[in-house]
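Taken in order, these protein sequences are the chains called S and D. Numbering of the first sequence is given in the numbering used here, commencing with residue 1 and proceeding in unit increments. Numbering of the second sequence is given in the numbering used here, commencing with residue 269 and proceeding in unit increments.
It is possible that part of the hints are untrue.
Heads up, simulated SDA-like pairs for lysine to any residue below, C-alpha to C-alpha not over 20 Å straight-line [to be verified]:
| # | chain 1 | residue 1 | chain 2 | residue 2 |
| --- | --- | --- | --- | --- |
| 1 | D | Lys308 | S | Asp253 |
| 2 | S | Lys100 | D | Lys296 |
| 3 | D | Lys308 | D | Arg348 |
Keep in mind that the hints were calculated from the coordinates and are not lab data. Just so you know, these numbers come straight off a predicted model, no measurement behind them.
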Amino acid sequence: MARASYAVAMLLVLAAGGAIGADTQVGGAGALPPQPPSALSKANLNKKRPKPPFDLTGNWMWNGQRNRESGGAQFFPLPKFKPAVKAVYDEAMATIAAGKAYKNDEGYCWPAGMPESMTRVWPNQTIQLPTMITMVQMLKHEIRWIYIDGRPHADPEIKPPSYSGDSIGHYEGDTLVVDTTNLQTRHHWVQNGVAVGEKLRIIERIKLLDGGNTLQNTITMIDPDSWEGEWTSTKYWYRDDSVDAEEAFCLPDINDNLLSTRESSQVR
Amino acid sequence: MRKTAVAAVLLAMPALAHHSSAMFDASKETELKGVVKLFKFENPHVNIVVTVRDEKSGTTTDWFIEAASVRGMAMAGWRRSTLKAGDGITVIGRPLRDGQPGASLVRAVLADGTTLAANGGRNY
Numbered sequence: 001m002a003r004a005s006y007a008v009a010m011l012l013v014l015a016a017g018g019a020i021g022a023d024t025q026v027g028g029a030g031a032l033p034p035q036p037p038s039a040l041s042k043a044n045l046n047k048k049r050p051k052p053p054f055d056l057t058g059n060w061m062w063n064g065q066r067n068r069e070s071g072g073a074q075f076f077p078l079p080k081f082k083p084a085v086k087a088v089y090d091e092a093m094a095t096i097a098a099g100k101a102y103k104n105d106e107g108y109c110w111p112a113g114m115p116e117s118m119t120r121v122w123p124n125q126t127i128q129l130p131t132m133i134t135m136v137q138m139l140k141h142e143i144r145w146i147y148i149d150g151r152p153h154a155d156p157e158i159k160p161p162s163y164s165g166d167s168i169g170h171y172e173g174d175t176l177v178v179d180t181t182n183l184q185t186r187h188h189w190v191q192n193g194v195a196v197g198e199k200l201r202i203i204e205r206i207k208l209l210d211g212g213n214t215l216q217n218t219i220t221m222i223d224p225d226s227w228e229g230e231w232t233s234t235k236y237w238y239r240d241d242s243v244d245a246e247e248a249f250c251l252p253d254i255n256d257n258l259l260s261t262r263e264s265s266q267v268r
Numbered sequence: 269m270r271k272t273a274v275a276a277v278l279l280a281m282p283a284l285a286h287h288s289s290a291m292f293d294a295s296k297e298t299e300l301k302g303v304v305k306l307f308k309f310e311n312p313h314v315n316i317v318v319t320v321r322d323e324k325s326g327t328t329t330d331w332f333i334e335a336a337s338v339r340g341m342a343m344a345g346w347r348r349s350t351l352k353a354g355d356g357i358t359v360i361g362r363p364l365r366d367g368q369p370g371a372s373l374v375r376a377v378l379a380d381g382t383t384l385a386a387n388g389g390r391n392y
């Protein structure tokens, strides 16, 4: 029966003018434009480069006290939102003030993604190599790969939008500048009540202060569809040498017991 | 006026965990005396379910207690073996605003009288 179905399918393909043969096959490396060498390839790691002004390797903890003045996990001061965005934001603020969560997708195990993943309170385990900085946010193990090997942004046609986006970094004096684009918009939020838009671009200016024990990140967000001009907020982390990251998945059987994920606690 | 409103919203905002805490009444503390039904000492949030008996009616209610991370609780003295089903416990928590049987853990008094805080110094 299965063989008969296959034969019918083949006949239909041939009748439609299709041909199955080596001359029509596509695929393999030849289908892609030239790609940068892997950030972990020895050739790339060993390439001669100027010494970076600092090494971000370490466990970075969100400095809640210091970040209060810039809105805590929110990015203050706020920009002037476009009317449609302002309406959603106002609805979210009213919902939260009334004691409910507003579309708290992260609470339902969706990734926080950029920029929200940077505002989590769990250890951010950062490892810097000559070619790449890897940030592992302990909560749900969200990963950022920041390429510092000189490559351009990836082509969105072959690297689709993602929650961490496509991050390319370079140094300007004592500052690491990271440009993140190509962000996934599905169930993805900048902060409470402000959704990530297709055009969102995030530029981080990262410095190490206090003898390398404070990470300062001035985050500028541009999205002409959602707000006017640049939205900039500065956040701080402190180095914590007493902790390592641990497993922290968002598991259904744990999550279902959480009061904050109950339907009665939400506006979805 | 606007500043007050913004401040009020900020105070009500989810804290810094990944789940919102807007539904807990931070201005109140509820004391629950009961028996442990479930204790899952796992990240990202430790789960405790306590069965509370109403002495007048004789009915029982399961209270869901949302707690901190393993590390935060471990720093307060909690261990995986601290609780097991059937243990007596008194929980002090911030109750749900809507009156449902649930709370965010503030501290707990174990059957042997030991008091353990919800978190020993972590924000998570």
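For each hint, the structure was consulted:
1. This hinted pair checks out: Lys308/D and Asp253/S have alpha carbons roughly 10 Å apart, not beyond 20 Å.
2. With a CA separation close to 17 Å, the supplied pair Lys100/S and Lys296/D stays within the 20 Å bound.
3. Using a Cα cut-off of 20 Å, the hinted pair Lys308/D and Arg348/D holds, with the two alpha carbons roughly 8 Å apart.
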